[in-house]
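Order-wise, the sequence lines are chains A and B.
Just so you know, this note's numbering puts 52 at position 61 of the first sequence, and the rest follows in order with no gaps.
Just so you know, this note's numbering puts 50 at position 1 of the second sequence, and the rest follows in order with no gaps.
These are calculated hints, taken from the structure and not from any lab test.
Take these hints with a grain of salt, some might be off.
As the list claims (entries may be wrong) - What follows is a list of derived Cβ distance ranges for each label pair:
id, chain 1, residue 1, chain 2, residue 2, range
1, A, Gly56, B, Glu77, 35 to 43 Å
2, A, Glu125, B, Gly135, 23 to 31 Å
3, A, Pro70, B, Glu61, 55 to 63 Å
4, A, Gly71, B, Glu61, 29 to 37 Å
5, A, Lys(-3), B, Glu108, 30 to 38 Å
6, A, Asp114, B, Glu61, 57 to 65 Å
C-beta: ideal position from N, C-alpha, C; glycine also.
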Amino acid sequence: MAQEEKIKKVSIIISKGSLEGVYPGLIMANGARMEGIEANLFFTFFGLDAIVKKRMKKLKVATVGNPAMHIPSIIGILPGMSALATWMMKREMEKLDIPPVDEFIEMIHDAGAKIYACKATVDMFHLKPEDFCEQVDGILTVGEFYEMSAGAQIIFT
Amino acid sequence: MPYKEYNGRKVEVDDEGYLVNLNDWDEELAKAIAKEEGIEELTDRHWDVIRFMRKEYEEKGTAPSIRRLKNAGGVPVKELYQLFPGGPAKKAAKIAGLPKPHGCV
Chain A
-8 MAQEEKIKKV
2 SIIISKGSLE
12 GVYPGLIMAN
22 GARMEGIEAN
32 LFFTFFGLDA
42 IVKKRMKKLK
52 VATVGNPAMH
62 IPSIIGILPG
72 MSALATWMMK
82 REMEKLDIPP
92 VDEFIEMIHD
102 AGAKIYACKA
112 TVDMFHLKPE
122 DFCEQVDGIL
132 TVGEFYEMSA
142 GAQIIFT
Chain B
50 MPYKEYNGRK
60 VEVDDEGYLV
70 NLNDWDEELA
80 KAIAKEEGIE
90 ELTDRHWDVI
100 RFMRKEYEEK
110 GTAPSIRRLK
120 NAGGVPVKEL
130 YQLFPGGPAK
140 KAAKIAGLPK
150 PHGCV
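Pulled out of the complex, with its shape left as it was, chain A reads as follows (with noise of 0.2 Å):
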């Protein structure tokens, strides 16, 4: 039998702006990097968040209309319950040294991944080149992404 071939490029889109919606897509990214694998990241609708400066530090855990949060979604909608929620999981994170999603962006690129921007989103929600964190490589349209992903396995979060 032939040897499968080893996964060589991803390209990786993150299109959720929740804390739980954000971070498989960075880990995945991360991980990529660590086996060598070329990796591109593409933000798009409300992932955006996690690559702009003023949000990415304050992104929360959704506590309502999430069955695997075992809470009922009427219990979600308190208040601080997603604060809470949010509090409990970065501490987890903590203990298994995931970084939070500013050091963990900064992690990914230093470590060779590009971070790109969806264009059709950037301009949905007005946004400008200096409302991102600095490692933000580009705002890219579609096409551009699907250029660039020439050869790569396309992971969509």
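Let chain A serve as the given structure and place chain B on it in line with the hints.
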């Protein structure tokens, strides 16, 4: 368990070539493993990483993460990837004679 020969000396390794016995390791062995991993010469900075990893492993029982190497070991991420191209955590652990790291970050 398989064996590998470095500098005319046989050492026990696992299936992926990581040393089985921490005490088999010495600096000459590190140089030989590094060559095999494509690093021709270990610089002072390589040694800083290797020694920090071994120290952490001896104290904690696990190899440090890349984040810990950065924050506690004083080796910036960019430099780490330059020193050990194509997978710093695994490569540095192998050269340092430690088991393969199992963390996700």
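Verification of the supplied hints:
no. : hint                             : in the structure
1   : A:Gly56 x B:Glu77: 35 to 43 Å    : violated (60 Å)
2   : A:Glu125 x B:Gly135: 23 to 31 Å  : holds (26 Å)
3   : A:Pro70 x B:Glu61: 55 to 63 Å    : holds (59 Å)
4   : A:Gly71 x B:Glu61: 29 to 37 Å    : violated (55 Å)
5   : A:Lys(-3) x B:Glu108: 30 to 38 Å : holds (34 Å)
6   : A:Asp114 x B:Glu61: 57 to 65 Å   : holds (60 Å)
This entry does not satisfy hints 1 and 4, going by the numbered hints stated previously.
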